[in-house]
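Peer 1: Here are the chains, one letter per residue:
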Amino acid sequence: MPFSNVIGQERIIKLIKNSLKDGRIAHAYLFVGPDGIGKTMVAKTLAQALNCPRADSDACGRCPDCRRIEKLSHPDVNWVRPAGLSRQIGIDDIRGLRRQISLKPYQSRKKVYLIMEADRMTAQASNALLKTLEEPPADSILILISSHPSSLFPTIVSRCQMMRFSPLSPKRIEDYLVKKLNLSPNKARLLSLLSEGRLGKALSLQEKAVWEEREKILNLGSQISHQDDLEKLLQVAEKMLELTSNFREKLEERLKDELREVEGVFSKEQIGEIKKEKMAFLSGETRRKVGEILDIIIGYYRDLLVFKEGGEIINLDRKEEIEKRAVSVSSQAVSKIIKSIEETKGFIERNVNLRLSLEAMTMKIAEELEYARGSSS
Amino acid sequence: MAYIVLARKWRPQTFEEVVGQEHITRTLRNAILSKRVAHAYIFSGPRGIGKTTTARLLAKALNCVKGPTAKPCNQCSSCEEITDSASLDVLEIDGASNRGIDEIRSLRENVKFAPSRDRFKVYIIDEVHMLTKEAFNALLKTLEEPPEHVKFIFATTAPHKVLPTILSRCQRFDFHRIGVLNLTERLKFIAKEERLKVEERALFAIARGGEGSMRDALSILDQLVSFSAGEKIVEEEVNTILGMVGEKHFFDLTKAIIKGDTLSAIRLVDAIISEGKDLRLFCANLIEHFRNMIMLKVGGEGVELVDLPEESIKRLKGEAAHFSYEEIDKVIATVSLAEEALRRSQSGRIPLELAVIKLTRLKPAPNSTELGEKAPSPESREETGAAEVKAETASPVPGPENTLSLEKVRENWPQVLEQVKEKKISAEAFLKEGKPVKVSERIVTVAFPAELGFHKESVERNEIRQIIEEALKEVFAHDLMIHPILKEAKASQPESTDKEDELAGRLREEPIIKTALDTFGGKIVQVKKKEG
Numbered sequence: 000m001p002f003s004n005v006i007g008q009e010r011i012i013k014l015i016k017n018s019l020k021d022g023r024i025a026h027a028y029l030f031v032g033p034d035g036i037g038k039t040m041v042a043k044t045l046a047q048a049l050n051c052p053r054a055d056s057d058a059c060g061r062c063p064d065c066r067r068i069e070k071l072s073h074p075d076v077n078w079v080r081p082a083g084l085s086r087q088i089g090i091d092d093i094r095g096l097r098r099q100i101s102l103k104p105y106q107s108r109k110k111v112y113l114i115m116e117a118d119r120m121t122a123q124a125s126n127a128l129l130k131t132l133e134e135p136p137a138d139s140i141l142i143l144i145s146s147h148p149s150s151l152f153p154t155i156v157s158r159c160q161m162m163r164f165s166p167l168s169p170k171r172i173e174d175y176l177v178k179k180l181n182l183s184p185n186k187a188r189l190l191s192l193l194s195e196g197r198l199g200k201a202l203s204l205q206e207k208a209v210w211e212e213r214e215k216i217l218n219l220g221s222q223i224s225h226q227d228d229l230e231k232l233l234q235v236a237e238k239m240l241e242l243t244s245n246f247r248e249k250l251e252e253r254l255k256d257e258l259r260e261v262e263g264v265f266s267k268e269q270i271g272e273i274k275k276e277k278m279a280f281l282s283g284e285t286r287r288k289v290g291e292i293l294d295i296i297i298g299y300y301r302d303l304l305v306f307k308e309g310g311e312i313i314n315l316d317r318k319e320e321i322e323k324r325a326v327s328v329s330s331q332a333v334s335k336i337i338k339s340i341e342e343t344k345g346f347i348e349r350n351v352n353l354r355l356s357l358e359a360m361t362m363k364i365a366e367e368l369e370y371a372r373g374s375s376s
Numbered sequence: 000m001a002y003i004v005l006a007r008k009w010r011p012q013t014f015e016e017v018v019g020q021e022h023i024t025r026t027l028r029n030a031i032l033s034k035r036v037a038h039a040y041i042f043s044g045p046r047g048i049g050k051t052t053t054a055r056l057l058a059k060a061l062n063c064v065k066g067p068t069a070k071p072c073n074q075c076s077s078c079e080e081i082t083d084s085a086s087l088d089v090l091e092i093d094g095a096s097n098r099g100i101d102e103i104r105s106l107r108e109n110v111k112f113a114p115s116r117d118r119f120k121v122y123i124i125d126e127v128h129m130l131t132k133e134a135f136n137a138l139l140k141t142l143e144e145p146p147e148h149v150k151f152i153f154a155t156t157a158p159h160k161v162l163p164t165i166l167s168r169c170q171r172f173d174f175h176r177i178g179v180l181n182l183t184e185r186l187k188f189i190a191k192e193e194r195l196k197v198e199e200r201a202l203f204a205i206a207r208g209g210e211g212s213m214r215d216a217l218s219i220l221d222q223l224v225s226f227s228a229g230e231k232i233v234e235e236e237v238n239t240i241l242g243m244v245g246e247k248h249f250f251d252l253t254k255a256i257i258k259g260d261t262l263s264a265i266r267l268v269d270a271i272i273s274e275g276k277d278l279r280l281f282c283a284n285l286i287e288h289f290r291n292m293i294m295l296k297v298g299g300e301g302v303e304l305v306d307l308p309e310e311s312i313k314r315l316k317g318e319a320a321h322f323s324y325e326e327i328d329k330v331i332a333t334v335s336l337a338e339e340a341l342r343r344s345q346s347g348r349i350p351l352e353l354a355v356i357k358l359t360r361l362k363p364a365p366n367s368t369e370l371g372e373k374a375p376s377p378e379s380r381e382e383t384g385a386a387e388v389k390a391e392t393a394s395p396v397p398g399p400e401n402t403l404s405l406e407k408v409r410e411n412w413p414q415v416l417e418q419v420k421e422k423k424i425s426a427e428a429f430l431k432e433g434k435p436v437k438v439s440e441r442i443v444t445v446a447f448p449a450e451l452g453f454h455k456e457s458v459e460r461n462e463i464r465q466i467i468e469e470a471l472k473e474v475f476a477h478d479l480m481i482h483p484i485l486k487e488a489k490a491s492q493p494e495s496t497d498k499e500d501e502l503a504g505r506l507r508e509e510p511i512i513k514t515a516l517d518t519f520g521g522k523i524v525q526v527k528k529k530e531g
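Respectively, the protein sequence lines represent chains A and B.
Under numbering that gives the first Met the number 0, the letters of the first sequence match residues 0 to 376, in that order.
Under numbering that gives the first Met the number 0, the letters of the second sequence match residues 0 to 531, in that order.
If you are wondering where the hints come from, they were derived from the structure by calculation, not from laboratory data.
Please note that the accuracy of each hint is not assured.
Once the Cα atoms are required to be at most 16 Å apart in a straight line, the calculated EDC-like pairs of lysine to aspartate or glutamate come out as [claimed, not checked]: (1) K338(A) / E421(B); (2) K13(A) / E230(B); (3) K338(A) / E339(B).
Since the structure is predicted, the reported quantities are computational estimates derived from the model, not experimental observations.
With the hints as extra help, turn the sequences into a complete structure.
Peer 2: Structural data, given as structure tokens:
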């Protein structure tokens, strides 16, 4: 697909197109930036543009080369991804790459190696890549892709041309949502603010189930108020737990299906290993989910705080409610509430009992709100 | 022909071209001239500063047809082959992928054969720190006494990972990071040779972005060339490529902090986000901004540690005058916390916003009584004394004339508890039960209800006492000691005020002390805190 299909990242695309035109394509690139903003898409398009016989400094998207690259089946475009139990890129993967890279391309002009999630390379793998990365054979190009570049070795980063993919501006996403998806301007604006410039995120928020869940969580967050209504507070925590366990169950179901598929294919021990890995994945994902829920609530209180200071609200659909509540609480109280939610997030990351943490959190929030009421009256 | 990036194209081909490593190149040249070249060298230092380059140069110097010479001709076939990494007698080995004992064994086998054409057989092992322990050990004997025609040159970014037995057999050269000015000079030279139009300030920004590494700086320049497509390269573009936020934003934010202008600060964060900047990088640069302020405040040698153009330094100095060391310290701490939170949070916006809100409340605002960070604990929620304490912390004037009064301590006690709580929750739980009853120049006496002996003793424990005393210091900017006592059960009397004798008087009522005084016929001269 041509570069014009990518939304945003004009600066990087301009740079790449200029380089293609002038024949100044570097031998190693590092694409960094948050998930869901087009890194892989640009990398793939670059691989196509390098090999496409039809389009000039671009990819036509229709020729056999382009199509095979699109389907990840081109012999000269190789993808390295983390694999195995530990989801890492090991030294053997890199050794394999080094062997291949010394050969001539099969059918096209350039060989392209795409290393996805490059930060998942082990120390050995990273070091084994250094020499190749610095001076690869003339007909090959390496593209490293990472959303956590701070975990990469500085020796790796220094050998690549680093391209920072930036989040899109909210306006950009808003326009896209209005024009391409026919959303109402209000909704588009809200989604663009919530997604913080990640189109992928905006699109997922726009799904009905995700949206409804957000509503639910926000309602829960706004229900926390009176300290003495202990039962209600516990109920709120309970409902948050429910959301989490729903998520967990669904995921567990899916993992079980996956397990069933491999049964009989692998030995008993291997199955045991796979099971272990899936369990770890499950609990990690569950914790991540709780973090997401809490982030939504933090966003709500962030609005309270920022509104008090005269700034712009993000959760526009809750504007009235937020403005009303902002009158009755002090900035201090809200700061403290946000801090305690952040703390709770930390606890959960460190595997503290989920129920206890959430219950303690709701009570703490209520306590702060109560004080705020006491002092304002 | 495939395009060669600038860093490779401009790899120095003579010792003179190697920038910022004169201490090494001079030594090596002298060694060659005086025919005192060692058989094993190890080059260490951060990435992209000339280790591999120097290793290749040394190999050339040794094998050049006109050599051994300090000025390899770069024309003879030996030199040319080395430049193209095609020489039969200069073997460049990637230590990271040939790291096992088997590779080293075959190397040992080959070492004994004479060079095919040139004078020496030079083994350059790059990334040597990745060799396994067995491989290193297999190398020891050869490394100590190699055949006369063999030279080893190791290069590594992590010399601490190389076995000490290896290090002791080599001459070690530590390469330095290249200073911004040196980098700028070299960039200027290359830009001129390549006929690139680059603004002076842009070169400086590139050099700073290179963080002491020539290769990094040249990679950045490479990108800029592609991006500008023949236009003049300006500083702003450098910032865009690096994801850096322009200097202006930092100065604006600092202004907002000085003025306590929360709204502008929030707007600024908004602007940075819509420009799509790297927020973690922003935090890191903000920390550097304030770090530079400290350096300028220190003055003297500190000024040289600030890599900034003249005018920015001037401006920064002006800003630094508005802050005390403690305040700068707090700013840095707050921003570091935000940076940490950015790692964990899905949202980049919120941690940063919270941080700037906190920062704009750092300075005591004359018309504001609400201070975010100092949210007081329950007893004093209505209280507005916080601003005053802030001022106190901000500009500590230690010394006897600044003696604290009991009222002041009581007033700010909630803050002390808060600070203690941040350090250790249990410490706060114990301390909460006590009330400050007396303050002398250096001692704060805290009375606990008679039935809470356990609490008092806990507070006396060294670890907890230290925490409390640190908190006291933070709140009052004063070295204070804590002295926990038990209140008499009948302590419904009005609590003691400043006088030290009053405490003595009360102590005199204590049964044990009373008995002691009576038995020995003594009197209380001084009341002091228990040591240990």
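Peer 1: Given the hinted pair K13(A) and E230(B), is their alpha-carbon gap at most 16 Å?
Peer 2: Distance of about 14 Å is within 16 Å: holds.
Peer 1: Straight-line Cα separation of K338(A) and E421(B) no greater than 16 Å?
Peer 2: Cα-Cα ~12 Å, so holds.
Peer 1: Would you check the hint for K338(A) and E339(B), treating anything up to 16 Å between C-alpha atoms as holding?
Peer 2: Since the Cα atoms of K338(A) and E339(B) sit roughly 14 Å apart, the hinted pair holds (cutoff 16 Å).
Of the numbered hints given earlier, the model fails none.
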